[in-house]
Amino acid sequence: MSGLLSREKRGSLIAIGVILSILLLFSFFTTGDLSLVRTGGISAYLNTINPGDFSITLLSGLLRGMLLFLVAAGLSIVFGLMDVLNFAQGGFFMIGAYIAYELHHTPAIIAAVPDGNLRFLLGALVAIAIGAALGAALERGLLRPLYERPLFQLVITFGVSILILEATKLIWGVSPRSWTTVFGLNEGSFQLFGQQFSVYRLFVIIVGFALIIAVALLLQRTRIGIIIRAGVQDSQMVEALGINVRAVFTAVFTLGCAVAALGGAVAAPFLGASLGLSTEFLLGAVAAVVLGGLGSYEGTAIASLLVGITQAVVAKFGVQYLNQPVWESLSPMILLALVLLLRPSGLFGKE
Amino acid sequence: MSDMVLEVRGIHTYIGQFHILEGVTFSVPRGSITVLLGRNGAGKTTTLKSIMGMTPPREGRVIFDGQDLVGKPPFQIAKLGIGYVPEHRAIFRELTVAENLQIAERRKGDLAARQDFIFELFPDLKRLYRLAGGKLSGGQQQMLAIARALVPENRLLLIDEPSEGLAPVIIEALMHAIQRLSESATVLLVEQNFRMASRLADRYVIIDDGISVQSGMMADLVNDEATIQRYLGAA
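As you go down the protein sequences, you meet chains A and B in turn. In terms of my numbering, the first sequence has 67 at position 67, counting the first letter as 1, and numbering is strictly consecutive. Count along the second sequence starting at 1, add 1000, and that's the number in my numbering.
Among the clues, some could well be false.
Straight line, CA to CA, 35 Å or less: simulated DSBU-like cross-link-like pairs of lysine-lysine [as the list claims (entries may be wrong)]:
1. B/1126 <-> A/350
2. A/350 <-> B/1135
3. B/1072 <-> A/9
4. B/1108 <-> A/9
5. B/1126 <-> B/1108
6. B/1108 <-> B/1079
7. B/1108 <-> B/1135
Away from chain B, derived, C-beta distances all over 12 Å, residues of chain A [said to hold, decoys possible]:
8. 10
9. 28
10. 44
11. 106
12. 152
13. 163
14. 169
15. 177
16. 188
17. 225
18. 236
19. 247
20. 317
FYI, nobody ran anything at the bench for these hints, they're computed from the structure. Backbone N, C-alpha and C define an ideal beta-carbon position, used for all residues, glycine too.
Assemble the whole structure, with the sequences as input and the hints as a guide.
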C-alpha cells in the first residue's frame, strides 16, 4: 500500500495501458474486412467492423487470462517465497481437468449424482482435494529435503511434471477427451452485439476475478499474508521471529497446487481434458509470472490477463487472416520478449 | 533459575566446510548488557547465529534458562523468548512499519501491550507507522529492527552491530534506547565501535579466530591497553 503512485508504479501502469490499448485497437480494427481497405473502400471497411466479434474476443481473452492466473498464482507466490519454480504446476492443471471430466462422465457417478451441476461441483472439489494432497506430498517428500539446493528442486519439479504426464497417460490414455455431458450451468448463453457467449464462461471469468481479489486480500489483510510477503523478502528473518516458516511453505505450496487443479476442473467443460493442457498452460503461466515481474502478485494477476487477451486477439486474427494457429501459442513468448526488452525486470519487478 | 540467562559452552560451528567457531564459551548474567568484541571475521556474528540455530553448532551446548537450544530450529528458539536483531537490520522493506511490528507478535495483543513502550523509546516510529520499511533512513531502520525484537516478551535480545553505518547523533540515541530496554531484558550485543561498547556494556567477551579468549567486566577492560591492542587493534 506504500506510495500509492510512486514513479515505478506509474511506469508499470503506463506500460500496461500501452500494451492493452495496442491489443484492443488491433483487435477492434481487424474484426473488419481489411481487404476492402486495399481496394479503397474505407467506409465499406468501417461498416464491416464487428463489435460483437470484438467483445467475444475480449471475453475469451479474459477467460483464458483467468485460467492462466489460476496456474500462475501458485507459481508466482511459491517462487517468491521459496525460490522454487514449480514446473509441475501445469500437470496439476491437467489432472484437475481429467478429474472433473471423469466425475462428470463416469456412468456409475452419473447414476449416483444425477444432477449435472452438483456433479460438476463435486468434480471441482475432488480436483482441489487431490491437487492439494499431491502438492503437499511433493513439498514435504521431495522439496523439503532440498531447500539448500534450489537447482535440485527445479530438476525435481521438472521430473515430477513428467511423472504426472506419464501417469495420466497410463490412466486415461493418449486420446483427448471432449466434454459431452450437459449441465445447467453450462447450457445457458447470452447475446452480445449479436454474438453468443456462454454463461458458464462468464461464470468462470467472475470466479477468476473473485479469486484474484480474495488472494490479494489474503496477502494484504491477514497475518498469514503479512508472513508470506515478509517471507518473499527474507524467510530466514521471518523464522528468527519465531514463525514456523517451513509450515508456511507447505501451506502455500499446497494451496498453489490446489488452485491449479481447480483451474483445470473449471476449464474442462470447454477445453476438455488432454495431455497438451499441461505444457500449454505451464508456458503461458511462466510467461505471465516473468512478465508481471518475478515475485509480484499484482504483476502476475495483471500479466495473466494480458497474456490471455494477447492469445485471444492473436488467435482471432490468425483464424481470420493467417490460417496459421501457431502464432497463438507463440504469442505469450513474443509479448514477453517485447516487454522484457523495454522493462527487463517485468511490469512490476524490482531490479 | 540460575542468575545466568544464557550459557554458551564450547560450541563449534561450521559454515559449509569452514570451521568458523572453534570453541566459544561464555555466559550472560541476567539483566546485564554483555558485548562480544573481536576483529572482523573473528566469529561474533556466527556466535549469535549459532545461538539462534541459524548456523547450528556441531559441538557444544547453548543453555537458555535451563534449556539446551542446540538442535532446535530457529523459530522454536525464538519462541522461547529470544529476540534477534541481525546485522544490516533485515527489516522487511516492502512491509509498512506497522506490519514489520505486527509480524513479530507471538500472541495476539503483544503489539498493543508494548506499543507505548516502543514509541517512548523510538518516537520517530509513531510518525512513520504507515510508511514502507524500505523508505526509512538507516537509523530509523535500525530502530525498527530493535523495536521488532521488543514486540513479544523476550528475555534475551541478541543485537548485531547496531551502530554500523550510522551517524554519531543517531548512535547516541540508539545507545540511550538500548540502555533503557536493558532494564526489562538481558542484552547480548556485537559491536565494532569500542567507544560505544565500552560505555554501554557491563561485561565483555573477546572472540579471536573463532575462540573465546577472554571475558570479564567492562570496567576492567577499558584500562587494559595491552588486551585492547592485542585483540581489537587500535581502540
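Check on residue 44 of chain A being off the interface with chain B, judged by Cβ distance over 12 Å: With a cut-off of 12 Å, residue 44 of chain A remains clear of chain B, as the shortest Cβ separation is near 55 Å.
Closest CB of chain B to the CB of residue 188 of chain A still more than 12 Å away: Residue 188 of chain A clear of chain B: closest Cβ-Cβ about 43 Å, beyond 12 Å.
Pairwise hint evaluation, residue 1079 of chain B against residue 1108 of chain B, where the allowed Cα distance is 35 Å at most: Given that 35 Å is the threshold and the Cα spacing comes to 14 Å, the pair holds.
Restraint check for residue 1126 of chain B with residue 350 of chain A, where alpha carbons must lie at most 35 Å apart: holds (28 Å)
Consistency of the no-contact label for residue 225 of chain A, given chain B and a CB cut of 12 Å: Violated, since 9 Å does not exceed 12 Å.
Distance restraint between residue 1108 of chain B and residue 1135 of chain B, which requires alpha-carbon spacing of 35 Å or less: Holds, at about 27 Å.
Minimum Cβ-Cβ distance from residue 163 of chain A to chain B exceeds 12 Å: Residue 163 of chain A clear of chain B: closest Cβ-Cβ about 30 Å, beyond 12 Å.
Satisfaction of hint between residue 1108 of chain B and residue 1126 of chain B, Cα-Cα up to 35 Å: Roughly 20 Å separates the two Cα atoms, so the pair holds.
Outside-interface status for residue 177 of chain A - nearest CB in chain B farther than 12 Å: Label holds. Min Cβ-Cβ 44 Å, cutoff 12 Å.
Reported absence of residue 106 of chain A from the contact zone with chain B (all CB gaps over 12 Å): holds (45 Å)
Whether residue 152 of chain A stays farther than 12 Å from all C-beta atoms of chain B, as the label says: holds (17 Å)
Cβ separation check - residue 169 of chain A to all of chain B, threshold 12 Å: Answer for residue 169 of chain A: holds, closest chain B Cβ roughly 40 Å.
Hint compliance for this structure: hints 3, 17, 18 and 19 are not met, and every other hint is.
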